[in-house]
Structures are given as structure tokens and as C-alpha cells.
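There are 2 protein chains.
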Amino acid sequence: MIPKEVYEQAKNSTLSMFQDAGIVLTPLEKENIEVADFGLNDLARIGLQLIVYVNTDRVCAKELALTPHQTCPEHKHPPVKHQPGKEETFRCRWGEVYIYVPGESTPNPQGKPPSEGESYYTVFHEVILKPGEQYTLSPETLHWFQAGPKGAIVSEFSTNSTDENDIFTDPRILRKPEIIN
Amino acid sequence: MIPKEVYEQAKNSTLSMFQDAGIVLTPLEKENIEVADFGLNDLARIGLQLIVYVNTDRVCAKELALTPHQTCPEHKHPPVKHQPGKEETFRCRWGEVYIYVPGESTPNPQGKPPSEGESYYTVFHEVILKPGEQYTLSPETLHWFQAGPKGAIVSEFSTNSTDENDIFTDPRILRKPEIIN
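Taken in order, these protein sequences are the chains called A and B.
FYI, my numbering numbers position 22 of the first sequence as 14, with every residue one higher than the one before it.
FYI, my numbering numbers position 30 of the second sequence as 22, with every residue one higher than the one before it.
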């Protein structure tokens, strides 16, 4: 559970980031900003703020916001109900984001796993996205990502999203709608 | 065929609109701005400017730009290769856009069909989108849309896009990659 004051602070800072980037939300969307700490209670280092624009059976679009150096932990999207796993395109809108996928480990990467829990990060091929740049992940590809020093705003275009089915490398994580304490 | 000077002018004005709205494109994307006049040679009234961010077998995302009162003519997306027709969500980013779909005709609508070719517009239920507002179209739903007095920038989140299969009410229209003269 995220303490209410942590949630409110993260929500307000996300709204400021979106506003500064010219991203307009409706009043209802502003209320519905999601703050995910992945149950690790360490939001400044491991977490993600987002708004889901649309999520139908076929298509999902989200806007993600990350604070400086904040990490979305390693996970993959398995097949669900006879559908192939989720396919995702990440497009950097603002700031900088480092995505890590299987492949040759990048020497001297820009980001690094959060120090506590390093063993739960296993893929180290780095893709750097600056504003306007994007990367498409095939279903079931392990990945994690981290914002650069200013933070990042990232558009996600994907197939249907069912966060509760995501498989995280860190067994302590359970991704589900967060309950605010 | 769109005359080269018309294309270049439309492309540059689209790039300015995107830039003013904080939408960043890569140099290659800037080169690839698509200008569609639907073969009607009346771009100021009937047309659309766009960039396709991604178009995989499952997911497509585009950014559309319309000049003041510019109209995307009435069409629908049929099933293609045993897949249901394209599902589209339009999200207004900037300006204002009026979408017309089947249903009760809206009295005193904000937009109106281009005067030449009015008979090719048959659905008149109006959905007004201001920045942050969005609307999802089911497959095979007839629709057309028109920008408000300032023009509009509209994000489109959809299933796979195959423009050449779109069915337009106006039989003069053939939607295909435009050749620049």
C-alpha cells in the first residue's frame, strides 16, 4: 500500500511534468493518475507514474512519467487467454529513458539496477531513447527501464494491457492496482 | 498527385504545428510527414497531414494534424485478411476536432461537409473533442472529421492500419500513398 501523502505528492509532480510537456489531461484523468511502487515501498528509486488513455481488447495507450533515475523493474508479458503476449512500443516524449533488453550487455551503460535487488536484473543490452525516439518490444521479451537525470515522459502504444499478468524477475513484486493507505 | 510545392508547404506547416505543441519528431520522421489530399486536389478543405509512429501487425499509432476546418472525408475500415476492421481511438492533443458518426443527427453542428461533394457525407452525429478528450470507434463504423477554427492535432491509437483498404463514401477517392509530382 502506498501512503496517501506519497501518492498525492507523486500524482502532483506527474501532473506538473505532463503540463510542462504540453500533455493535456481531462479532470477525470488527473484524478486517475496511477502511481505504482510495485509493492517495494521505494518509489523514488523503483516505480512508475502513468495515465491509461485507452485499453480495449485490442489496443492500449498510456503516458508514463518517471522521476530522475526512477526504474521500472524487469518483467515480461506472457500470453494471456490464448492471445500472444503484450507487444509494446515505447516512444520518448521528454527527457531520456534507458531500456534494457536481452542481447549483448552494453559496456558502460547509462543506467544501472537499483543497488538493493540487483540480482533481479538479468538483461543489460541498452537502448537509449531521447525525445522522438522509440523502440518496439516483442511479446515475452524481458525488459526493464530507467529514466535519465531529468526524468522522462514516455508514450506507450501496445496491445491490450493486463498488468496483473506481468511476470517480474523480482519475486517480491506483485503488480496490481495499488491501494492507497 | 500532389504538386511538390503544395506538399512542401503542408509539410512545413505541419512541422510547425507539432513543434508548437511540444511534439518531437526524429529527422527521418520529419522527412516522412504524409500529406493526403485523397486525390481531390483541394487540400485546404479536404485532407490530412500525419506521421505514422508505428504500424505493426497488431498496433498502430499516428499523430494527425489538420488545418483550420480541414476535413477527413467519410470512410470506414473493413475487415482485412480475416481480421476485424481497424479499431481507432482519436485523442485531441491541441485545437478542436469534430467527429461525425452514425446516430441521431446533431442539430446545429460545429462542422459541415465541404460544399462540393456534400452528398458523400451521410452520418451526422457529432462528437466534439477538445484537448485531452478522446473517442473510440468500433470497426466498420462510418466516420468523418473536421478541425475547428484553429486546426487540430489528434493522436490516433489503433489496430494495424492498411489505408489502401479504407472504404470512402465518395467514389472519387482512392486512398493510397501519395505520389508527389
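Warning: the hint list may mix true and false statements.
Which copy? The list can't say, so a pair holds if one copy fits it or any two copies do.
[As the list claims (entries may be wrong)] Listed below are the simulated DSS-like cross-link pairs for lysine-lysine, each with C-alpha atoms no more than 27 Å apart in a straight line:
no.	residue 1	residue 2
1	K104	K22
2	K73	K22
3	K3	K73
4	K122	K142
5	K22	K122
6	K73	K142
Think of the hints as simulated: they come from the structure by calculation, not from any bench.
Each hint, compared with the structure:
In this homomeric assembly, K104 and K22 never come within 27 Å of each other (Cα to Cα): the closest approach is 31 Å inside a single copy and 33 Å across copies. With identical chains, the CA atoms of K73 and K22 are never at most 27 Å apart, being 31 Å at best within one copy and 39 Å at best between copies. Taking the shortest Cα distances, K3 and K73 never come within 27 Å of each other, neither inside one copy (33 Å) nor across copies (43 Å). Taking CA atoms no more than 27 Å apart as the test, K122 paired with K142 passes inside one copy only; the shortest distance there is 12 Å, against 30 Å between copies.
Within a single copy, K22 and K122 get their C-alpha atoms as close as 26 Å, and across copies as close as 16 Å, so both meet the 27 Å cut-off. Taking identical chains as interchangeable, the C-alpha atoms of K73 and K142 are never at most 27 Å apart, the minima being 39 Å within one chain and 45 Å between chains.
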